[in-house]
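Work the whole structure out from these sequences, hints included.
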Amino acid sequence: MRAAVVVFPGTNCDRETFEALKASGLETDYLWHNWTSIDVYDLVVLPGGFSYGDYLRPGAIARFSPVMNSVEKYVESGRGILLGICNGFQILTEAGLLPGAFLRNECGHFICKMVDLEVKAHEVFANVKRLKLYIAHSDGNYVVDEKTVELLEDEKRILFKYAENPNGSSHSIAGVANENFCVFGMMPHPERSTMPYHESNDGLKVFSAMRRWINAHTSRKA
Amino acid sequence: MKYDFVIHVKFAPNIFDPQAITIEKNLKKMSYPVENLKAGKVFEFSVQAESKALAFDIAKDVAKNVLSNPVLEVFEVECVER
Numbered sequence: 000m001r002a003a004v005v006v007f008p009g010t011n012c013d014r015e016t017f018e019a020l021k022a023s024g025l026e027t028d029y030l031w032h033n034w035t036s037i038d039v040y041d042l043v044v045l046p047g048g049f050s051y052g053d054y055l056r057p058g059a060i061a062r063f064s065p066v067m068n069s070v071e072k073y074v075e076s077g078r079g080i081l082l083g084i085c086n087g088f089q090i091l092t093e094a095g096l097l098p099g100a101f102l103r104n105e106c107g108h109f110i111c112k113m114v115d116l117e118v119k120a121h122e123v124f125a126n127v128k129r130l131k132l133y134i135a136h137s138d139g140n141y142v143v144d145e146k147t148v149e150l151l152e153d154e155k156r157i158l159f160k161y162a163e164n165p166n167g168s169s170h171s172i173a174g175v176a177n178e179n180f181c182v183f184g185m186m187p188h189p190e191r192s193t194m195p196y197h198e199s200n201d202g203l204k205v206f207s208a209m210r211r212w213i214n215a216h217t218s219r220k221a
Numbered sequence: 000m001k002y003d004f005v006i007h008v009k010f011a012p013n014i015f016d017p018q019a020i021t022i023e024k025n026l027k028k029m030s031y032p033v034e035n036l037k038a039g040k041v042f043e044f045s046v047q048a049e050s051k052a053l054a055f056d057i058a059k060d061v062a063k064n065v066l067s068n069p070v071l072e073v074f075e076v077e078c079v080e081r
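For the record, the sequence lines run as chains H and A. Oh and the first sequence: position 87 is 86 in numbering that gives the first Met the number 0, straight run, nothing missing. Oh and the second sequence: position 29 is 28 in numbering that gives the first Met the number 0, straight run, nothing missing.
Heads up, a few of these hints could be off.
Below 20 Å or equal to it, Euclidean Cα-Cα: the simulated SDA-like pairs (lysine to any residue) are [said to hold, decoys possible]: (1) 112(H) <-> 155(H); (2) 72(H) <-> 218(H); (3) 59(A) <-> 27(A); (4) 9(A) <-> 103(H); (5) 63(A) <-> 14(A); (6) 9(A) <-> 55(H); (7) 128(H) <-> 152(H); (8) 63(A) <-> 95(H); (9) 37(A) <-> 106(H); (10) 40(A) <-> 137(H); (11) 146(H) <-> 14(A); (12) 1(A) <-> 52(A); (13) 155(H) <-> 145(H); (14) 146(H) <-> 13(A); (15) 40(A) <-> 53(H); (16) 131(H) <-> 163(H); (17) 63(A) <-> 74(A); (18) 27(A) <-> 16(A); (19) 131(H) <-> 199(H); (20) 63(A) <-> 64(H); (21) 40(A) <-> 218(H); (22) 37(A) <-> 128(H); (23) 9(A) <-> 199(H).
It is worth saying that the hints were derived from the structure and are not from the lab. Note that the coordinates shown come from a computational prediction; the quantities given were computed from them, not determined experimentally.
Dropping the structure here:
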């Protein structure tokens, strides 16, 4: 199974994400943001950091980079799974691949801490109920209108909720999926909880859930 | 012809903006009688187009598709004489 970590100018979680994917048994490559051939991958990850300095709004410029064109086609083709982590999630909302948008944290400052997450999408995460993962963001306040929240609840597209809302996000939402469950976005950083020396290894549960999901739900040839 | 534009982007009225609240709180601390403060962004650029109406459409496209996010923000497009 092959995975790609997309690197934009300013991405800074690419290395950790790369190692985490390798530790999860995926053959992994880095993809520079001007790369356009991504069809060979089963999982494409947009990692965290600050793409293009987060100028304008986080993710606002990254969404127009050449690789994002290919990413949109990749999603349409149902070839594999797309996962956006932190800044990657912000890029996916800017690109319209996931609903909502991000604001400054309600408290007004950067937050970096371990948080408890309630897992909502039990089908995707195969009976995992809670996760302990790090968040690290200034703009993590997820804004989505009430009508969309209802739709997300009905279609079971909310992946995680914060046990205690750290940043003001609507309904404490920390991660969502698109309508076909092939695009996932999450603010917490699973890659920061994957190694024996990490405080938690719950990130591995996220990546193995992605692996299972790829096997069951994409057009991947075994 | 070249036309000059100023684009104002600000948060929609229902959006909570901690930046504006922090600025207002501190202005009050400095005893300024200020309220209802809003923070936003201003962009200036010029557009080459055959007419003012065409230039305006281009500027509006830029404001709508790139400079603002419809989930959070509203924008105003202003054509200015230089």
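Okay, the hints, checked on the actual structure:
1. At most 20 Å may separate the alpha-carbon atoms for a hinted pair to count; residue 112(H) and residue 155(H) exceed this at roughly 27 Å.
2. Proposed proximity of residue 72(H) and residue 218(H) is supported: the alpha carbons are some 14 Å apart, at most 20 Å.
3. Proximity of residue 59(A) to residue 27(A) is assessed by CA-CA distance (about 36 Å); at most 20 Å being required, the pair is judged violated.
4. With a C-alpha separation of about 14 Å, the suggested pair residue 9(A) and residue 103(H) falls inside the 20 Å cut-off, and the hint holds.
5. At roughly 18 Å between alpha-carbon atoms, residue 63(A) and residue 14(A) fall within 20 Å of each other, so this suggested pair holds.
6. Only pairs whose Cα atoms come within 20 Å are accepted, and residue 9(A) paired with residue 55(H) is accepted, the gap being roughly 12 Å.
7. Simply put, residue 128(H) and residue 152(H) have alpha-carbon atoms about 17 Å apart, close enough for the 20 Å limit, and the pair holds.
8. Straight-line distance between C-alpha atoms of residue 63(A) and residue 95(H) comes to about 14 Å, which keeps the hinted pair within the 20 Å bound.
9. The suggested pairing of residue 37(A) with residue 106(H) holds, with an alpha-carbon distance near 17 Å, which does not exceed 20 Å.
10. At roughly 18 Å between alpha-carbon atoms, residue 40(A) and residue 137(H) fall within 20 Å of each other, so this suggested pair holds.
11. A threshold of 20 Å between alpha carbons decides the hint, and for residue 146(H) with residue 14(A) the separation of about 16 Å falls inside it, so the pair holds.
12. Our distance criterion of 20 Å between C-alpha atoms is met by residue 1(A) and residue 52(A), whose separation comes to about 12 Å.
13. Only pairs whose Cα atoms come within 20 Å are accepted, and residue 155(H) paired with residue 145(H) is accepted, the gap being roughly 15 Å.
14. For the given pair, residue 146(H) sits about 15 Å from residue 13(A) by alpha-carbon distance, which is consistent with the 20 Å threshold.
15. Between the alpha carbons of residue 40(A) and residue 53(H) the distance comes to roughly 14 Å, so the proposed pair stays at or under 20 Å and holds.
16. In summary, the hint linking residue 131(H) to residue 163(H) is supported, as the alpha carbons are separated by about 12 Å, within the 20 Å threshold.
17. At roughly 8 Å between alpha-carbon atoms, residue 63(A) and residue 74(A) fall within 20 Å of each other, so this suggested pair holds.
18. Among the hinted pairs, residue 27(A) with residue 16(A) is consistent with the structure: their alpha-carbon atoms are about 17 Å apart, no more than 20 Å.
19. Proposed proximity of residue 131(H) and residue 199(H) is supported: the alpha carbons are some 7 Å apart, at most 20 Å.
20. Annotation: proposed proximity of residue 63(A) to residue 64(H) holds, straight-line Cα distance about 18 Å (limit 20 Å).
21. Note on residue 40(A) and residue 218(H): the hinted pairing is violated, with a Cα-Cα distance of about 44 Å set against a maximum of 20 Å.
22. About 41 Å separates the Cα atoms of residue 37(A) and residue 128(H), which puts this hinted pair outside 20 Å; it is violated.
23. Taken as a hint, the residue 9(A) and residue 199(H) pair is broken in the structure, with Cα atoms around 40 Å apart against an allowance of 20 Å.
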